[in-house]
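Starting from the given sequences, assemble the full structure and let the hints guide the process.
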Amino acid sequence: MSVKNGINGWAGSILRINLTTGAITTEDTLPKYKPYIGGMGLGYKVIWDEVPLNTDPLAPESKAVFAIGPLTASGVPCSGRMNMSFLSSWSKGYSIIDAHMGGHIAHAMKYAGYDAVILEGASDKPVYIKIEDEKVTIEDASHVWGKGTFETNATLTKEAGEEFDVASIGLAGENLLPYSTLITSFGNSGGAGIGALMGSKKVKALVVRGTGAVKIARPLEVKLLSNYMIKELVGGNNNHNVPTQPQSWSEYTALPANRWQGGPGVTWDKAPGGVIDTEEQKPGFINVAAMRCQKGVFDFGAVAEKYTVKVGGCSSCPVRCYQEYDMDPLADYDLPTHVSNTCMPIISGKSIYADASAVHDFVDEKDAGMILGGALCRAQDEYGVWCNYGNLYSDFYRAYNDGILKEHMTEEEWNSVNWQLMLDGDPRWCFEFVRLCAEGFSAFGVIMKGSYYMYKEWGLDDATKNSAGKNYYDEVSGKNTNVTYNGYPKHHSSEDAWQSGLLFNAMYNRDCMIHHLTNFCRSGSPYEEVIKPVLESFFGPGCVDAPKAYTPINENKVKLAKWAFNGKQWHDSATLCNWMYPMTLAIDPKRGYKGDLDLDAKYMSAVVGEEYTRESLEFECERISNLLRVMTAVSFKLNCGSDNLRVDHDAIPAWVFDKEPDFQAFEQGTVKMDREDTKKAFDMFYEMMGWDVETGLPTKATLIKFGLEDCIAKMEEVGLTLK
Amino acid sequence: MSDKKRFLDKDFTRRQFLKLSGKSLAGVAMSGTMMSTLGVTAAALAEDKVRVWAFPQGLLVVNPDRCVGCQRCEINCTLTNDGCCSSYISRVKVTRNLFSSRNGTGLYTENNWVYFPDTCRQCADPACGNACPVKAIYADESGIRKVDQDKCVGCGACTAACPWHMPTVNPLTKKSSKCVMCGACVEGCPSGALAIIPWDEVSAAAQAI
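Chains V and W, in that order, are what the protein sequence lines are. For the first sequence, counting from 1, position 588 maps to 587 in numbering that gives the first Met the number 0; every step adds exactly one. For the second sequence, counting from 1, position 134 maps to 133 in numbering that gives the first Met the number 0; every step adds exactly one.
Mixed in with the good hints there might be a few duds.
To be verified - For lysine-lysine, the following DSSO-like pairs were computed, each having C-alpha atoms within a straight-line distance of at most 30 Å: (1) V:Lys469 with V:Lys678; (2) W:Lys173 with V:Lys129; (3) W:Lys174 with V:Lys134; (4) W:Lys173 with V:Lys157; (5) V:Lys134 with W:Lys173.
Source of the hints: derived by calculation from the structure; they are not laboratory data.
Structure representation (structure tokens):
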């Protein structure tokens, strides 16, 4: 029980479980990890100190850190996320990455008294970790090994008892495939290969219950700040701040449509007690906040209402970005009808049908995407398959249609696949496809090792080396507006946020998962009246561009990029949900829609009882940004022989500059970028970060500024030259 | 006097209301205004999908269909009453219904989408108070039953006796706590799954029928 420790915010303990020896130990979180806040920062520090960066990510010497932070389960809205840090088993450089998981298990872990769980070593038989406050055991999991996550989660919570939450891996993780997830709650997942990491240690699941509490320095202040946020600031998912459906009080309706879809006449038709109308959601009223999002209606239109039972999401979050469906049409195919998900799989059902003409509606006009999406997300969650933000689908689609897939399967293997399901637009294809992926069957197993591996293995990184004559990185086509040279996709990059989006997309070893800029860009608020004045009041003139009306780089755009880059580290360390925070825009017209960028620091001060400011938090987070950069540099040196991250890691793919050939960059109507301007943008960004402009490596002065002297020694030891 | 007439009586009291079950409440012909006041549909009432409890301050309406599982009721309960954040010691309880609960509801059961907050019923004849060996549970001037922290010995008899196991002994303080009707859970519920309708509003809505 964390209150026992007398510490505000943090639980105070880290749990370390060695699967090789069976040793279970605890250590104090503070003071060693306080400079790294928690979550991502804590996880990076553990890996940096304990795992050599040329370690095989799936070897027993590799570790996975499940970490939360001082704001997790503190009462602060949207504080239900857990961060998992480990070495990538699939992206170029095999460096440090994170997976992020919602649901309710982060709260359970904090209430059990832990800021982090470190898994190390490897078991020789399937096990799961059972945590009930101080009582931590390694339990036999042979009865659930090989089972899907839905059955596993049901079995283990039933065995453990009421109030136990669970997160488990599926077949993909057991089979050590990099495109694998950990699944909790109903459709909440952490991806990036955490399933394979756990699979390599033979850990099927974490089962957690906590009867403790998180001590709060100023609890009333936390409650009042939370009420203020829910009443005045927070809107739909991605903090979209004006409703799409007209509401009587609302000055604007979203244009284009956004993730605030609730409103009069938008309903949950399958609520057991009868249809529930989401009604008006006026600012100032807490009790309507959860009705705002209605993500399913954003995804599929009104047809989503027909199968909606209610909405769900994570602990402490009033936004509820998960639509909870009972999709009757799936029963006709003997598929499960209960489906819940919020992002890629649910909106991507059609994308694994390689012949688009096969896709057909089921009961209502335009319900195909929803029904197939429902089948796909249920299948992916069942088998614990990760999509790498859509790369799985586009890589399959391209390889199938280019004939590449068939080339890499024997005739017998090819004929054993039930392609007819795909050709018929049958939702059972989703399960067939995902099963083949999770089993690593034939060429599907290559796709599941990630784009970077697949392109290299099949010569798709060089147009002269494959029968399609294509370079899958640089190809400019409708199915490639995504992939980068490191094997991961962009995630709300220049297509949403000009040069600023490009800059932070290049910083990580997976898709950046930063929503700072897309949240206001796609808010649906009018650009001239709301977005531009609010953002310029924070970051100065010229920091933002109108949609498809970009301008050359300037210092304020770089400032914006740096704020988002450091801010993501903050959210994954705190932990707060980066899909919602920061509160840049607000819902309340009386505020002029201006949000509150100091809110995070106000929360931190009230929870921890020490005074934080926006600037002081950004400084702490810039330490984590630099640690990320150092770890990336060391990995690239050890694993790729690279001395220069600017060239070998941060390269921007050609399609960013070459798409939309009828346009020049900075013309009205395009989001394409200019090569010279981008080069200048990176120069300015590196300089603002205190990094060597030529190599993109942090300078010694910068590392000293953040107390990272040990990084200098390690970098020089591996042969990197620092300025 | 029929239930309907009593419900319409201006001087209708909590004690009288307690005699009405959810079904008999539904039996009262209620206007759209009344239903809207309660935030529920006629179908929900007819099928007992909505739980209605008479409290000293008014009618507590728990609508499981609207519960979105965010646990903010527990968060606000403990922030308000305990100065910390916790599920286990919360006086309103949703976490125990959220995963694999004893009644077969929760995200990991066949009834995936059925989860809801359990609340203290503020029973007229309280099993918790009757079971307490040191008589630590008393009714205050408003009729709200509370635990006298000085008297409580943390034995857990109240937890065991309550049919819904609502009182909880805090593992740290070794003292029991139970709902004190502070309203923090209701105030902070972002989906309107919990609502308190003050008695004067219930009467006014009934008058409007």
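Has the given pair, Lys134 (chain V) with Lys173 (chain W), been kept, meaning a C-alpha gap of at most 30 Å? holds, 19 Å
With a cut-off of 30 Å on the C-alpha distance, tell me whether Lys174 (chain W) and Lys134 (chain V) pass. holds, 22 Å
Taking 30 Å as the top limit, are the C-alpha atoms of Lys173 (chain W) and Lys129 (chain V) close enough? Given pair Lys173 (chain W), Lys129 (chain V) holds - Cα atoms ~25 Å apart, limit 30 Å.
Could you grab the alpha-carbon distance between Lys173 (chain W) and Lys157 (chain V) and see if it respects the 30 Å cut-off? holds, 28 Å
Below or equal to 30 Å on CA atoms is what counts here, so check Lys469 (chain V) against Lys678 (chain V). Cα-Cα ~26 Å, so holds.
Every hint from the earlier list agrees with this structure, and none is contradicted.
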